[in-house]
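A.B. asks: Same order as they appear, the protein sequences are chains A and B.
Following numbering that gives the first Met the number 0, the residues of the first sequence are numbered contiguously, the last one being 203.
Following numbering that gives the first Met the number 0, the residues of the second sequence are numbered contiguously, the last one being 559.
Misleading hints may appear alongside valid ones.
Claimed, not checked - Looking from chain B toward chain A, a few residues come up when the C-beta cut is under 10 Å (computed):
no., residue
1, F3
2, I58
3, W138
4, Q337
5, P380
6, A383
7, G387
8, S418
9, N447
10, V469
Rather than coming from a laboratory, the hints here were simulated on the basis of the structure.
Even for Gly, the Cβ is constructed at its ideal location relative to N, Cα and C.
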Amino acid sequence: MTFANSLELLRFHFVAYTIYAIFIISVIAWFGYNLTRKEKAKSIVRIPFYGYMAFLILMGVGHHIFTYNAIPWVSEDITRHEIKPDYVFKISIKDHRWKLPKEKMVVECGKKVLFDVDSEDLTYGFGLFRKDGTMVMQMQVVPKHRNDLLWTFNEEGVFDLTSTEYAGPAQYDHETGQDLMFIKDAFEVKCNKKVALNNIGGSK
Amino acid sequence: MSKFMDTLINGTNFDHTSLNALQKVTLRAVVMSFLFFGLLTIEGMIMRGAQVDPNIPPIFGHADHYFSIMTVHPIVGIFGSTYQLVFAAFMFLVPYLTKKPLYSVKLANWVWILITLGTALAWIAAFVWNYAPLYTLYWPLPADVKQFKIIGGIVFIIGVALIMIGTLGFIYNIYATIFARVGIHKNKTTKELLISGFGIDGMLNLWHKITGKPPYSKEPALSLPVVAIFRGTVDTFLDALVILGAGILVLVYLFAFAGGASWDLHAVDSLLYKNYFWWGLDLVADGLVLIYVAGSWYLLATIITGQKLFMENVARAALMLELLVSWMVWSHHLLADQPQPEMMKLISGEMVTAFELLTQGLALFITLVTLWKARPLKMTPPLAYLLGGLVGFGLAVPAAIIQADMGMNRVLHNTQWISFAHFHMALIVGLYMTLYSALYVLWPLVTNNTKLFSSKLTWVHYWLFLIGGVGMGAFVGMAGLDGMLRRHFYVNGEFNTLMILGAIFGSMILIAWFIFLFNIVMSVGLKGLIGIFLPSKDKSASYGIEEEEEVTPAPAAVKN
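For reference, chain B alone in the conformation it holds in the complex (with noise of 0.2 Å):
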C-alpha cells in the first residue's frame, strides 16, 4: 500500500479508540457541520452562477429552482453548518472550563442527529417541492398554497422544528452542566452562578471600583467564556422560541388547507407578524452570534497568549449590555416598511442598533489588547485565524450600521449590500474565521493530540479562504450600489460584471473548504472519521478534570 493510501486510511496518529464519549460526540457534529459548510458553499457557488448565466444547471433559467436554493441556503448555513459547530465547541468546552462533566451526551448525541435530520428536511421540501418562502417567512408566503405546495411546506416547517427542538436540547445541556453543584462549583449557590453568568458581578466590581468600595466578587463564578456562552444561549432560546411559533403557526394553515378548510391569510396581520419574526431572528444575526464572537474571541486571545483578558471586568458588563441590545435592534429590517411606527424605526431601527458599534467595537479592542500586551508572539493558525475573524467583523459591523439609517435605507434595503457586504462578510470572514481559530486551538484537546496531516495546506485553506470571503463580500456588495437585489432573478446579465469577480472570489471560498476538508480527512484518516460515529469505551463526559485543577487555559503561550 503506498503511503498516501496509508495515510487516506488510517490518518497520521488518530486513535478513535483513545476518545472519550464526550470528544466523540463533539467530533461528530464537527464532521456534519464541515459536511454541511460544504453542500452550502456549493449552493452558494450555484447562486453565484446562476447570477452570471441563469441558465447553468440546476437553475435552466427557472426563477423555482433559484428560490429553492436561495431558501435553503440560509437553513443549511446557520443551522446545518454553524449552529453545529458552535453548540459542538461549547458542549466541549463548557465541561472543559468549567471542569465538570457535560450533563448528558445522550442528549448532545440528540442534538446534532435532529439539527442534521432537521436540516436534510428542509433541504429535501426545497429540492423535491421546491418549497421557497426565504428564511424571512413573511407571512402569508409561507402559507401560500397557490404558489406552493402543502407537502413541501410541512416537510419544510418539520424540518426547522426538528432543529429547533435540537437546539432546545443545546440549551438544556449548556445550563444544566453550568448549574450543576459539582466540582468547582459544588459550593456555590444558584444565585452566585446566575449574578455571574449574566455578567452582574463585572458590573458590580466595575461600580465598586469607581466608588473605592472593595470588589463585589475577586474571582467570578464562571470564567469569561463560560459567561459569553451563558449569556448568548439566552438569545438563542428565545430564538428557538419565536421560530418554532412561527413554524407552528405556518403548519397549523398548511394543515387546514390540506384539510379542505379555506381560511383568512389575512386574519394574521402582516406586519405584526414582521416584527414578532425579525425580534426573534434578529437575535440569531444581532444576539447569540455577535455574543458568542465576543467570548470566543476573548477565549481564543486568553488562550494564545496564555495570559489573562485585558480589561475584563468591562467585557463581562458589555456582554450584558449587549444582550439587552439584542432585544431592541430588530427594527432595522422595518426601516423601508411605511406602516412601521416612526418611533420604533427611529430608536430601535437606528439608535439602539448604533450601541452594537460600541459592543463590539469593545469586544474588538479588548481582544487586540490582550493580544498586544503578550507580543512577541508566533503567528501561528489559531492567531492568524483570529484576525481574520477581526477583520471580517471590522468590516461587516460598520456596513450594517450605514444601513441602519432611514436615509440610507431608502436606496439600500433588500440590495446585495447587507447580503454581502454585511452578512455574508459577517459569517464567512467573521464568523468562521473564529471558528477555524477554535477549531485549531482544541484539535489537539478534541482529538488527542493528533497530528495534522499538513500545515502547509492549513496555510492555504487560510488565504484562500480569506481573500475569497472578502472578495466575494466587497465585489458582490459593490453590486448591492449599483442597485442589484438580493431576492430578485436577473436573466439579462445586468450585473455581469461584478457577478463574475463574485463567483472567482467565490470559488475560492469553495477549494478552500475542499483543501481543509482534505487536511482533515488525511490527518484522522478514514478509519478514524468512521471510527468517531462509533460508541466510545471510554464514557466520560468531562475533559482535562483529573489533569487540572484550576481553570487556565491550556496550551498556552507561544512565544518566541
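Extracted from the complex, chain A is given alone in its bound form (with noise of 0.2 Å):
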C-alpha cells in the first residue's frame, strides 16, 4: 500500500480512526454493563497481559514501519540532504509577508521540489493547501535557521500558500480578519497522469 498524496493517506487514516474509536468506546460500555451483573461475563475473547504488551508494542513500531513504507515523502525528508531537486525555490517571510520567486511557481508532476525558506523574525509556518482548504504539506519556519523541504507532487492542481504557524495578529487585516498571508494560486502542478502514477509505484 502506498499512499500518493496527503488526500489519500488522510482519507485512510480517517476511516481507521473511527473504527478504532467506536471499538475502544463500545470496549468500555461493554466493560462498564457488565461490571454491574451478578452472572458472570462471558469472555469474547481472553487477552493475556503479555499478548497485550506485545500487541502495543507492535503498535506503537508498527505504525512508523507502516508509514515510513506507505507514505513515500518520509524517506524523502530524511535523506533530503542527499537527493538532488528538480526545481528549488527560495523564499522568505519578514513581517508577516512573504518574498516569493519573481517567477510564478510551476512545477512538473513527478518532479522532486525543493522548498528552501527562510524567516528574517519570526516563527512562521509554510503550508500549500487544496482548493477546497485540504493541506497539501507544512513544515515550521524557525528564524535565522534553513527550512527545507523536499517535496515529490504527485497530483494536478493548483495550491494556495499561506502561514500555518501563528506569528501574532499582525498576519491578519485588523478590520476584516483576513489573513495577509494567504497567497491564492501561489503554486501549480502540471501533470500527466502515467507519469505521476509511476512515481507512485502504480498503486492505483
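Two chains, two frames, a set of hints: combine them into the complex.
C.D. replies: If you want it as C-alpha cells, here you go:
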C-alpha cells in the first residue's frame, strides 16, 4: 500500500481511527455494563497480559514502519540532503509578508521540488493547501535557520499558500480579519497522469 | 422562605464550622478551580462561536481579540482550573493516605491564592492589552513589542510567574509531608521513602520474583497513589523551573525595551529555545498529567472496589518508566521543524514517544482488571466518571501517537486534529472525568458527609459532559483532517458544518458545568460557600488519623 498524497492518507486515517474509536468506546461500555451484572460475563476473547503488551509494542513500532513504507515523503525527507532536486524555490518571510520567487512557481508532476524558506523575524509556517482547504503539506519556518522541505507532487492542481504557524495578530487585517499571508494560486503542478502513477509505484 | 431558597442559602446538611483547616483549604482551591473551569468553558464557546461566525461579540471579526482569548484559555484551563483541582486533591490525599498532617496549611493557602492571582493577572493582560503570544511563547514572539504592548507582556509574565511560585509551594508542601518522619513513617529513613517514592522497590520486587529471591520489601513505605503523586511532582517541579526560566528571559527583554534598549531578539536561538520550552512544557502534557492520572486511576479503582490493585509492583515500576519517558519525548512537537536533527525526531519524537502507548495502555489494563476482579459493582457516579476518564484517554493517546510520526506530522501538524482529537479529548474527557470521579469519592470526606442536592443532576451532568466532550473532540478533530489549522483565524466560513457541530457539543459542556455548579451550590448553600473561605476553628492539618491505624481505602466496596 502506498499513498500518493495527503488526501489518500488522511482518508485512510479517518476510516481507521473511526473504527478504532467506535471499538474502544464499545469495549468500555460493554465492560461497564458487565461490571454491574451478577452473572459472570462470557469472555468474547481472552487477552493474556503479555499478549496485550506485545500488541501495544507492535502498534507503537509497527505504525512507524508502516508509514515509512506507505508514505513516500518520509524517506525522502530523511535523506533530502543527499537528493538533487529538480526545482529549488527560495522564499523568505519578514513582517508577515512573503518574498516569493519573481516567476510563478510551476512544476511538473513527479519532479522533486525543494522549498528553501527562511524567516528574518518570527516563527512562521509554510503550508500549501488545495482549493477545498485540505492540506498538501507544511513545515515550520524557524527564524535564522535553514528550513528546507523536499517534496514530490503526484497530483495536478493549483495550490494556495499561507503560514501554518501563528506569528501574532499582524498576520490578519485588523478590520476584516482576512489572512494577509494567504497567497491564492501560489503554486501550480502540471501533471501527466501516467508519470504521476509511475512515480508512486502505480498503486492505482 | 420557600424550600428552594432555604436550600440555596443553607444547603442540604453542610456545616462549614465542622470542617478542619485541611478540609477548608482543600475546598477553597476546589471552588476556585471550578470557577475557572466556568470561565474556561465560556472562553471555549466564544472561540467555537467565532469559528462559525467571526463577527460575534466579543470577537467582532478582530483576530487580536480571538488570539488573546486563545492565549489565556490554556492558562485558565491548565493552571487556574486543573492545577488547582489536582493540587487541592493531592494536598488532601497525601495527609489522608500517609496518615500524617500536611506540612503547612498556611502554605497550602498561599498556593491557591498565588495560582488564582497569577491566572487573573494573565487573563487581565490578554483582556486589557490583547497580549497574545499563545501559550507556546515561540521566541521571539512574546518579546515582539511591534505587535504587543510591553505592559501587557510584563503583566502576563508576572501572572505566569506567580502561578509557578504557587506550584513550587505545592511541591514543597507535598515533599515535606511525604518525607516527614512522623506517624507511620516515624521509623522510616529518607532513603527508604525515596526508594519507595521512585518505585525502585516495585522494580526490585519484580526482579526478585523473576530470580526467585524473597521480596525486597513486602510492604512499601508509600502507598501506590502517593508514589504516583511523588513521581508526577518531579515533572511538575522541572516544568515550573523551565516555565519560570522562559518567563525571566521574556521579562528581561521587555524591561530592557521599556528602558529604551534595542537588544537583538535573535541573540537567543529560536530553535534552541523551542527545544528548551517544549522539554519543559511537555513535562505537563506527557509527564505529570499521565502520571497523576495513572495514580488517580489506581487510587479510584482500589477505593471503588475496596480491593488491592492488580499487579501493583508492575504499576509501581511503570510509573518510574513513565517518568523517564516523559523526559525524552519533547521532540514530537518539533517533527515539522526541519532544522531539528533527524535523529532527535526519530528517537525522541517517534520511538520514545511510542512508549506512551505502552505506559498508558498498562495503566488502563491494570485499572480495568482491578475493577473486573471485584464485580459485581454498583454503577455509582465515581465508577461511571472513572470509566469516562478511561474512554477519554483511550481515544486521546492513540490520536497523538498517530501524529507523532514524521509522515503523518507533515500533513497534520498544527491542525485541529492534535488540538481536539488529542488534547481536548484528553483534558475534557480523560482528565476531567477522572477528576470528577475523585471529587465524588472524596466529597464525603472533605465535606463531612454532606448530602448532594440531587443525584439525578449528577447523572445529567455526567452524560452531557461525556457526550459533549467526545462529540466536540471528534467533530473539530475531523476538521483538522480537512486541513483546518488550530492557530488560525478563519473569516470565510471555511469549515462551517464541522464548526457548528463542534459548537453544539461544546455547548453541552457549558450546560453541564452550570448543572454541576447548581448542584454543588444547592448542596453546600451560599452560606456554606462563603463559610469555606472563613478561618476554621479546628486547626488540624490531617484527616482520619484518629479513626484508622492502617492505610486503607475508605468508602469502599459498594456491591450489589
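A.B. asks: Against this structure, judge whether each hint is valid.
C.D. replies: Right, here's what the structure says about each hint:
Contact between B:F3 and chain A, as hinted, is not supported at the beta carbon level, the nearest pair being about 34 Å apart and thus beyond 10 Å. About 9 Å separates the beta-carbon of B:I58 from the nearest beta-carbon of chain A, less than 10 Å, and the hint is met. Because the smallest distance between the Cβ of B:W138 and any Cβ of chain A comes to about 8 Å, under 10 Å, the interface hint for this residue holds. Interface restraint check: B:Q337 against chain A, minimum CB-CB distance 5 Å, threshold 10 Å, status holds.
Residue-level restraint check for B:P380 is violated (minimum Cβ-Cβ distance to chain A is 13 Å; threshold 10 Å). Because the closest C-beta pair between B:A383 and chain A is about 7 Å apart, less than 10 Å, the hint holds. Of the supplied interface hints, the one on B:G387 holds, with its beta-carbon coming within about 8 Å of a beta-carbon of chain A, less than 10 Å. The interface hint given for B:S418 is broken, as the beta carbon of that residue sits about 12 Å from the closest beta carbon of chain A, more than 10 Å.
Hint status for B:N447: violated, given a least beta-carbon distance of 29 Å to chain A, over 10 Å. With a cut of 10 Å, the hint placing B:V469 at the interface with chain A holds, because the nearest CB-to-CB distance is about 8 Å.
Checked against the numbered hints given earlier, the structure breaks hints 1, 5, 8, 9 and satisfies all the rest.
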